[in-house]
Amino acid sequence: MLKINELKASVEEAAILKGLNLTINPGEVHAIMGPNGSGKSTLASVLAGREEYEVEGGSVDFNGADLLDMDATERARAGLFLAFQYPVEIPGVSNINFMRAAVNGKREHEGLEPIKGKAFLDMVKKKAQLVELDGRLRNRSVNEGFSGGEKKRNEIFQMAMLEPELAILDETDSGLDIDALRIVSDGVNAMRSPERSFLVITHYQRLLEYIVPDFVHVLVDGRIVRSGGKELALELEEKGYDWIKEDIVA
Amino acid sequence: MAYDGKDKVLEEVTGKSYEFGFTTEIESDKAPAGLSEDIIRLISAKKEEPEWLLKWRLEAFAVWQTMEEPNWPHLNYEKPDYQAISYYAAPKQKKQLNSMDEVDPELRRTMDKLGISLEEQKRLSGVAVDFVMDSVSVATSFKDKLAELGIIFCSMSEAVKEHPELVRKHLGTVVPTRDNFFSALNSAVFTDGSFCYIPKGVRCPMELSTYFRINESGTGQFERTLVVADEASYVSYLEGCTAPQRDENQLHAAVVELVALDEAEIKYSTVQNWYPGDENGKGGVYNFVTKRGICHRRSKISWTQVETGSAVTWKYPSCILKGDHSVGEFYSVAVTNNAQQADTGTKMIHLGKNTHSTIISKGISAGNSHNSYRGLVQIMPSAANARNFSQCDSLLMTDTSGAHTFPYVEVKNPTAQVEHEATTSKIGEDQIFYCLQRGIDAEQAISLIVNGYAKEVLNQLPMEFAVEAQKLLSISLEGSVG
Amino acid sequence: MDNAKPQLMDRPKAEAKHAASETSGAALVSALDELLGVQADVALDAVPVPHRRVERWKYTPVAAWWKDVLASEVQTVAAAGCEANPVPGLDAYRLVFVNGTFDAAASDLPVHTGVMCMPVSQRGDAPLQSADAFSPEESDWFAGLNGRYSQEGLYLRVAQGVELDRPILIHHHTCGAGVFNVLRHDIALGLNASVKIVQWSTAAAEADGAVNVLTRADVGEGARLHIDKVQDEEGTVRHIAFEDIRQGKASQVEVHTITVRGAWVRNDLAFRINGQGAHAELNGAFLPGEGEFVDNHTTVDHRVPHCTSSENYKGILYGKSTGVFNGKVFVRPDAQQTNAYQQNANILASDMASMNAKPELEIYADDVKCSHGCTVGQFDSDALFYARSRGVGLEAAKAMLVHAFIGDVLKGLAVTEVRLEVEHRLAEKHGWDVWSDHLNDDA
Chain A
1 MLKINELKAS VEEAAILKGL NLTINPGEVH AIMGPNGSGK STLASVLAGR
51 EEYEVEGGSV DFNGADLLDM DATERARAGL FLAFQYPVEI PGVSNINFMR
101 AAVNGKREHE GLEPIKGKAF LDMVKKKAQL VELDGRLRNR SVNEGFSGGE
151 KKRNEIFQMA MLEPELAILD ETDSGLDIDA LRIVSDGVNA MRSPERSFLV
201 ITHYQRLLEY IVPDFVHVLV DGRIVRSGGK ELALELEEKG YDWIKEDIVA
Chain B
251 MAYDGKDKVL EEVTGKSYEF GFTTEIESDK APAGLSEDII RLISAKKEEP
301 EWLLKWRLEA FAVWQTMEEP NWPHLNYEKP DYQAISYYAA PKQKKQLNSM
351 DEVDPELRRT MDKLGISLEE QKRLSGVAVD FVMDSVSVAT SFKDKLAELG
401 IIFCSMSEAV KEHPELVRKH LGTVVPTRDN FFSALNSAVF TDGSFCYIPK
451 GVRCPMELST YFRINESGTG QFERTLVVAD EASYVSYLEG CTAPQRDENQ
501 LHAAVVELVA LDEAEIKYST VQNWYPGDEN GKGGVYNFVT KRGICHRRSK
551 ISWTQVETGS AVTWKYPSCI LKGDHSVGEF YSVAVTNNAQ QADTGTKMIH
601 LGKNTHSTII SKGISAGNSH NSYRGLVQIM PSAANARNFS QCDSLLMTDT
651 SGAHTFPYVE VKNPTAQVEH EATTSKIGED QIFYCLQRGI DAEQAISLIV
701 NGYAKEVLNQ LPMEFAVEAQ KLLSISLEGS VG
Chain C
733 MDNAKPQLMD RPKAEAKHAA SETSGAALVS ALDELLGVQA DVALDAVPVP
783 HRRVERWKYT PVAAWWKDVL ASEVQTVAAA GCEANPVPGL DAYRLVFVNG
833 TFDAAASDLP VHTGVMCMPV SQRGDAPLQS ADAFSPEESD WFAGLNGRYS
883 QEGLYLRVAQ GVELDRPILI HHHTCGAGVF NVLRHDIALG LNASVKIVQW
933 STAAAEADGA VNVLTRADVG EGARLHIDKV QDEEGTVRHI AFEDIRQGKA
983 SQVEVHTITV RGAWVRNDLA FRINGQGAHA ELNGAFLPGE GEFVDNHTTV
1033 DHRVPHCTSS ENYKGILYGK STGVFNGKVF VRPDAQQTNA YQQNANILAS
1083 DMASMNAKPE LEIYADDVKC SHGCTVGQFD SDALFYARSR GVGLEAAKAM
1133 LVHAFIGDVL KGLAVTEVRL EVEHRLAEKH GWDVWSDHLN DDA
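Chains A, B and C, in that order, are what the protein sequence lines are.
With the working numbering applied, the first sequence covers 1 to 250.
With the working numbering applied, the second sequence covers 251 to 732.
With the working numbering applied, the third sequence covers 733 to 1175.
Since the hints were made in silico from the structure, they are not lab data.
Just to be clear, a hint being listed does not mean it is correct.
Sample of chain C residues facing chain A (criterion: CB under 7 Å; computed from the structure) [unchecked claim]:
#: 1; residue: Val794
#: 2; residue: Ala796
#: 3; residue: Phe1117
#: 4; residue: Gly1125
#: 5; residue: Ala1128
Pairwise CB distance ranges, derived in the manner of DEER restraints [stated by the list, open to error]:
#: 6; chain 1: A; residue 1: Ala119; chain 2: C; residue 2: Gln861; range: 55 to 65 Å
#: 7; chain 1: C; residue 1: His1038; chain 2: A; residue 2: Ile178; range: 48 to 58 Å
#: 8; chain 1: C; residue 1: Glu1127; chain 2: B; residue 2: Thr608; range: 32 to 42 Å
#: 9; chain 1: A; residue 1: Ile178; chain 2: B; residue 2: Ile690; range: 46 to 56 Å
#: 10; chain 1: C; residue 1: Gln861; chain 2: B; residue 2: Trp322; range: 29 to 39 Å
#: 11; chain 1: C; residue 1: Leu1126; chain 2: B; residue 2: Thr608; range: 26 to 36 Å
Beta carbons: idealized from backbone N, C-alpha and C, even for Gly.
Start from the sequences and build out the full structure, keeping to the hints where you can.
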C-alpha cells in the first residue's frame, strides 16, 4: 500500500529526514517511535503534503501512484488521512459543514453525487458514537474551544467519516488522559480491517498497549535504525532511546 | 475625580519649575539673525568646510525655499519666523583643547548640574560622551580607547575634516535634503553633531552617548548625526537632551541618519526632556526632528525613545528595511503635560524579503496636553513574508487632555502579516485605590502604574538610561493625574 | 501658544488651500451645470476638490472622474432592464429609482398609519432636512455635488411609536452610458419608531457614469434604524455614497455595507451621536475582484456621555484590486463613559492586491474605553492545510475560510433574505459552489 524509498526531506534548509525506508501492506499497523527531534512529525507532514517541507530525494509509492506528485487535497482523496498532533482551529467554520465539504470532495473524486442531507446526518450520528463525540461539538466551529481530548476525538471522528485506506496518527496520545486515550484507541481499533493500514507515531509505548502494532520501527536522526515486533516497544520503554543511540554508534 | 490627594499632587507637580532651567554664561560667537546664502557661506567658512559640503548646503537651502512647513500634524503652534533666528552660535574658546582640564569651567559646571559629568561618566559607567553645547562639540572622551578598535566617534565638524570620504559617502543618503521642510533646513544650516563609525565585525564595547543642549537665547539647534555600522558590527548609541528655561520658543530641527550595513545592529536610545514651556505653554522648545535608519541584509535597527519634554514635538524615528531579513523596532514612551503637544511615531518601510518590524508606543496625556501617535507601516510589493506588529496605547490622566492615534497601514504584498492594535483608556482608578488601600500614596501609586504601563519600552533602554528615564517620568508625571 | 489645544474638526480648512491649486472646482462645477442643465444655488467653494494631497482622499484615485465622468455626454436613458426584485423572497415595500428617476410602476409604497413614505418629488410641501455645519456637504466635495444636483430619493417620516411591519427596499439601478445618477434619501424617525431599510444598488453590464447617493437620517429618542446596504454594480459606474446619521437619546442605528461588485466604490459614513445611551453599529464586508476599488470611510462622533459604538469591517481582496479603510472615532470632551470599538481585518488573496488602512482615534475625554485593531494578512495556511488534508480542494477550502471570515458581518445583516442573496451573489461572482452547496443550511 505504501512504499517509502530513501526519503530525504528538509524544513527551512535543515535536513530532517535523511534516507528513510518503510513499506506498509494492507491491514498492517506500524508504529514509529523515536526521541524528540528524530523526524517523526516531519514524516507525517511530508506524507500528508505540507508545503513547508521540502522533499530533497527519494520516492513514495501509494497504491501504485506517486504520492509526492499529488497535492494535499489529492492525497486525502486518494485515501491518506493524517490525525494531527495539534488539530487546527478554524473559527467560523462549523465542524459539520467542514466534514460535509470533505466527504463530498471525496465523493466527487470517486465520481459520486454529493451526499444527501439525511444520509450525511445519519452517517455523522453513527460515526460520532464511535468516539463519543457529542452533538454540541459537532455543531461548533472546527476545534475552536475544544479541550485537548475533544480535539483528538474529533480527529478520529473525521477519520471514521472519511474511511481512509491509510491513517497516520501523529502523537495522538499526547495530552490525553487515560479515559480519552481509551476512547480514542477504541475508535481506532474499531476501524482496523484487512484493507486499512495505520501508521502510529508516538513517543511513548503507552499508546501501543491500546493500539497493538504489527511492527515497530525506531526513528533516530532521520533514519529508521531498528525494526521489530511489538516487543521492541517494550524494550525501548525499559532501556530508553539512549540504548538505541549507543547501539548505533557501537 | 474621586481622590482629593491626586488634585493636590497634581498641583504640586505641575507647580514644580523646570529642574534643569539654568543658564550657562559663556562668551558666545553668534551670527546675526536671518537665513540667506551668505549666512550659509559664513557657517561653512567658520567651520572650514570643504567646497562639496558648502555646495550641498546651498542646494539644500534652494530646495528649502521652495518648500512649505507641514500642516498635517495634529499640532497647533505659531510657526517660527525663520528669519528671526540666529543660525550659528559657537561658544568662544580661547585656544585648542589638549585635555579635559582645559574645558571651560563654566561648561564643566553645566555638565555637573546635568549630572553627566565627564569625569564621573568616565569613572563609573564607562560611557563615552560627546558633549554638544549649542551645536559645537566641545569635549569628547574615551576617544583613544575607541580608536584602538577602529571606532570613530567624534563631532560632525571633525569628521568632515578627518574622515571626509566616510561622511561624503553616507551624508544625506538616508534622509535626503529634500525629504521634508525641516530636513532641508537642517541640511542647509547644521552646525555640528556627532559622527560614529563602527568597523566591520567590531562590537562597540561601551554605550556611546551624546548630550545635546540648547543654550543660547534665540538660537536654533540644528545638529546632524550620522551613525554608520559596517558589516556585522554592533553599537548602542544614547542621546540625551536638556535645555534651559527660556521665554521665547526655541527651534530644534535635527537630523539623525543611521546606516546598518549587512548583519550590523544599531540600538539608538533617546531621552528627551527639553524645556516644555510653563503651564500655559509659554516658552518651551519646538522639536522638529527627522530620524531615519536604513537596514541592509540581516541587519537590525532599534529605536527607543522616552519623550517628556518640548512644547511641540514632531518626530518619527523610522526604518527603511531594504535588506532581506532585516529588522526594525520602535519603542516609545511619550509623556505630555500642561500645554505640551506631541505628534510622534514611526515609519516602517518594508522593501526586503522576510523583513520584520515591531512598534510599541505608549502615550501618556496629562494637563491640557495633546499626544498623538502617527505611524506608517508600508509593505512594498518586493517585501515577501514581511511581518509587522504594532501596539499603540494611550493613557489619559485628565479630562482636558487628548490622546490621538493615526496609524497608516499600506500593504502591497499578499504574504505580509500586519497587525495593529490600539487602546485608549483612563488611568485605572481601581488600581490607584488598590495602592492607596495598601498604604501607597497617590503620587507613588501613579508613578508605579505609569512605570508599569511603560515597562515594555523602558526595558529596552540600557541600564543607566533606564534609571534616568524612570526619574524623568516621575518628574513629569508623578501625581499629575487630574 | 495660548490656544495650544487643537480644535476638533478644524483641519479640512488647512487642506483646502492645498487642493484648490490642483483642479479648479469652479470649472468642474460649471461643466457639470452645463451637462445637467441645472441651475442650483448650493455653493461648493468652501470644500476642497478631492485630490491625493487632501488627507481624506490620500488613497482614493479620483483623477479618472474628471476625465471619464465629466467628459462623457449625459444621456437620458429610458428605464429598462431593471430586475423586478433583486432580493428573491423578500417581502418588502419597494421604491425603485432608475438613473435617478422614480419608477412608480415598479414600486410598492406602504400605506400605513404614521408613516409618510414616498419619493422626494411627491412629498408636496413637507420640508427636507437641511445640511448643517457638520454635514458631509461641508467637508466633502462629492457630498456638495449631491446637495447641488439631487432631485429625487426616498422621503420617509415615521411617527412616534410606529414600527413598520415590513422592510423598505430602495433599489437604485443604473443603465446606459454617461449616467449621472444623484439621489438623496431623507429619513426621520420619531420617538421609539423602528424601521428596516434595504438599499440595493445595481447597474447594467454596459453602464458607465457616476452614482452619488446621500442618505440623511435623523433618528429620534429610542428609535431604531437598520440599514442593509448592498452594492452589486456591473459596468464601470463609479459609486459614492454618504450616510449622514444623527442619533438621539437611547437610539440604535446599524448600517451594514456589503460591496459585492463595483468598479470604483466609496462609502463615507458619518454618525453624530447627540443623545445619551445611544448605540451605533457600522459593519462592512468588501470583496473586490480584478480591477475593482473599494473605499470605506467612517466617522463616529461621540458628543455626549454614556454611548457606545462598534465597527467591524472585513475585506478580502482578489486580483489587481485595492481596498481602503479609514475609520475615525472622535470622543468629545464631554463624552465621558464612551465605549468605542473598531476592528478592520483584511485578507490579500492575490499577488496584485493592495490594502490601505487608517484606523484613527481622537480622544478628548478621559473616562473612556476605546480600542481599534487592524490586520492585513492572508488565509491561515494551517487551516488551509488542515482542510486540504481532509480532501477539501484548495479553492473550496478558501471559500470556506472566506465565509467564516466575513460570517460575523453577514450575520449582522438585519434582513435574512438580504444575507442569503448576498451570499448567493458573492458565490456566483467568485465561483464558490461550496457556498450555495451546503454552507447555508445549518444542518
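Checklist entry - Leu1126 of chain C and Thr608 of chain B, beta-carbon distance inside 26 to 36 Å? => result Given range 26 to 36 Å: holds, Cβ gap about 32 Å.
Item to check | Interface hint compliance - Phe1117 of chain C to chain A, C-beta minimum distance less than 7 Å | outcome: Since the shortest Cβ distance to chain A is 6 Å, the answer is holds.
Next on the checklist: Holds or violated: the 55 to 65 Å window for the beta-carbon distance between Ala119 of chain A and Gln861 of chain C?
Outcome noted: holds, 58 Å
Checklist entry - Taking the closest Cβ pair, is Ala1128 of chain C under 7 Å from chain A? => result holds, 6 Å
Next on the checklist: Min Cβ distance, Gly1125 of chain C to chain A: is it shorter than 7 Å?
Outcome noted: holds, 5 Å
Item to check | Beta-carbon spacing of Ile178 of chain A to Ile690 of chain B - inside the hinted bounds 46 to 56 Å or not | outcome: holds, 49 Å
Next on the checklist: Does the beta carbon distance between Gln861 of chain C and Trp322 of chain B stay inside 29 to 39 Å, or does it fall outside?
Outcome noted: holds, 33 Å
Checklist entry - Holds or violated: is the Cβ of Ala796 of chain C closer than 7 Å to a Cβ in chain A? => result violated, 37 Å
Checklist entry - Between Glu1127 of chain C and Thr608 of chain B, does the C-beta distance stay in 32 to 42 Å? => result holds, 35 Å
Item to check | Cβ separation of His1038 of chain C and Ile178 of chain A, checked against the hinted range 48 to 58 Å | outcome: holds, 53 Å
Checklist entry - Does Val794 of chain C meet its interface restraint, that is, does its C-beta lie within less than 7 Å of any C-beta in chain A? => result Cβ of Val794 of chain C sits 36 Å from chain A, so the hint is violated.
Checked against the numbered hints listed earlier, the structure breaks hints 1, 2; every other hint is satisfied.
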